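Please build the complete structure, drawing on both the sequences and the hints.
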Amino acid sequence: MPKFEKLSKLHKYSAAVSFLAMEIFALVAFSFGNNFVLYGALSLVLLLLLVLFNIKEITVDGVSSIALFFLPLFLFTVITALGVYMRSHAYAGHFSNAELVFIPLGLLPMSFAGYVLSIDKTFKISTFLVVVYAALGVLSLINLIVNLVNFGPFYSLIYKNYYMYYGGTISEVAVGDMAYVLEGFKFIEVRMERYLLFPTLLLTSSIALFFVSPKEKKLFITYCGFSLVGLLALAFVPSLKALLAFVVILVIDAIIFLLKKFEVLRKPAKYVLIVGVALVALLALAIILNNQTPLGIHNLTAGNALLNRIFNTNRYISKINPLTYNILCSDNFLGFAVDKSDTSLILDPANPVYPELHMSNCFYFDTFMTSGVIGVLAIVFALFIGLKGFKKYFLSEKDQFYSKAVLVALVVFYLIYIGLFNNTEYGVFYSIYQPVFISGPFMIMVFVLSYVLAKSHEVKPEVKEEQPVSETNAEVNINE
Amino acid sequence: MNKKLRPLLLLMLPALASCGGFSLNYIVEGNKYISANFNDNYYEHWDAELKNAEHVQTFTETDTQFIESFNDIGTIDANLLVNNPYAGKSGYDFEDTFGADYRLNRTSEIFNYGVQSKLFDGITWCGGRHQRVRVQARKNGFSVRLSKESDTVKYFAMNYKSTTNNQIRCYSHITGNISTSDGDKFHASTIDLTVTLYCKSEVNKIVGYDFKKEVSFPHTNDGDYYYFHGFKTEDIGTENFTISRLVGFSVTFDVTHDELIEYNASKTDVELTDNDYALFIYEVFMPYTYWH
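The listed protein sequences correspond, in order, to chains D and Y. Here the first sequence stands for residues 0 to 479, numbered as in numbering that gives the first Met the number 0. Here the second sequence stands for residues 0 to 291, numbered as in numbering that gives the first Met the number 0.
Derived by calculation from the structure, the hints in this document are not laboratory data. These numbers come from a predicted model, not from an experiment. Every residue gets a Cβ at the ideal spot worked out from N, C-alpha and C, and that includes glycine.
In silico contact screen, one side only, chain D against chain Y (beta carbon under 8 Å); selected entries:
1. N149
2. Y164
3. G167
4. T168
What follows is the structure in structure tokens.
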């Protein structure tokens, strides 16, 4: 493309743009300012610069490698931004309508940047990981120190049944279930899930210790440091959720390690994975159908003690059930309608079962509220495609194995975390509303999935046109 | 720095950081102070520094500047407030206007923390919220230590009522009429209230200034009878006296008279134990005070 010839000369400066990208990833991973408008603006600027400095390297075939991930992500972000649910929260003052535009403007450039940086030779995924984990480490350490200063070590166990007075009222959650975190530019009391997010993500770096030789001193010590900070942040603020998250990380580490070490396990693991995914999908479907009253399935589950506990009465499912009750109503296909004057979601005052709704602890079911059935299908499909890309990525020769292992541990753990421990309204005394898709870690995950897909894409070899043999040459050949 | 010491520093950080525990001052066990049981709700916290402070001056307030109910708010002396746009307001109006405007937690975040934050949230009366919005004081009282210092404190006001756990009342608060059935009883009491303001002296020593006042409650135990007790510090003190560098205050009282009066019958004195009598303090105001 001759018209891009001048721009292609900028390619020699792409290292500077890679460096800028690292800084932006650090800010986003650090949740700097906790402002998704800021992240969106930064990722948009980054994308423009990346495209500008790498224009010659971008190909249609390369872009198509992330199409199956990018397009459903596009659909999800647009439905969410324009959907009635988020606009109602804008009405309630949580965001402005203009800010909602940064939902697609933040995530989509991040996704495309994953592709562009995968073809940029100056970008190293190993450096990206160090930058992201360093940001998470600094944030985790800051939060840990603030909690030690304010509450002391192991306070979450010692003061488990204590409550804090603020603004004349007693806290809804016990001291054992709250922590201080850096939110924006000040420290505030939040629910424990918010505090735990960063050290547990940090602890996913521990998988690298299985694959980095201690002889690579600098790298080994770096990842030791990350893991140690994550561990300290969990150990000094112990909780059941921290323990569960730690066990999940250990299981992920063990699976990756065993699959790498014992090739014979890979085939059975594939079938186990397929069965596992199918079971999770069936369970999700069963939960949804259980709450569709006309089907009468609820009477069946309520009549059996075990099924009743699983589907109706445990603490986790009792937050999810209200969200699935009306998801198949045509009004809610693109997100739930809310009472604009009170976004505690009075969906249907005449609804005898669930007149009020709140976010559950599961991102996937919460998405029914923010983006409707269409949005859920779009994001689940996008995540499925993204995760599927890891298989090819692992088998490819690109990037060092420990980087691949860390990436998969990071993404898989994060997806589990937002399914089990997510808390959108995590402020204890302050009203905070932050859905997962406008958070720093989610943007990092979107970038990683795009990068993995693009990196594992097999570049089609260039088809060179056969040069016609000249008559003079042909004569020479004949004469020879 | 020696490279070997760097990992030690990382481990030392948590140890050093554990020396604080500042937020532990604001936590309470379970449902303390908001229990349905009257005797569980007494707030008796005393800061060690304030408890041991020397009381250097005592002032006795003789003006009876209190109101019997919110409906009489117009009787507050206009000198207590620079502006008095709140005359003639009802209880909720008082809370929504005066309470909202002069609540201390508007001036600084420190007033939002701890049990004492009930006194600074602008909620000036019960309104059906009961123990959730008030501090219940026994005669030995309580203190509030502030982590900031004030400049000059010109006004001090408290909104409270007296009560016992003996829920006897005689006045019909709906009709405003005294119940006239023979045998009906009502509770009358008098206390010597002491509000102590603790300030830092020139040598940074904490000293206390006592402001005493005799308060009569002809209707102890009646839910509608609130007492807005306010004074201008310079009016009470000697000339050129000012309260500045305030770091805390305390409230104590002595019950000098307490009787259960039977209507249309001979007066009957009732012996009440210390556990029975309390002040429900809803709000403390210090308008036009700056904190740093």
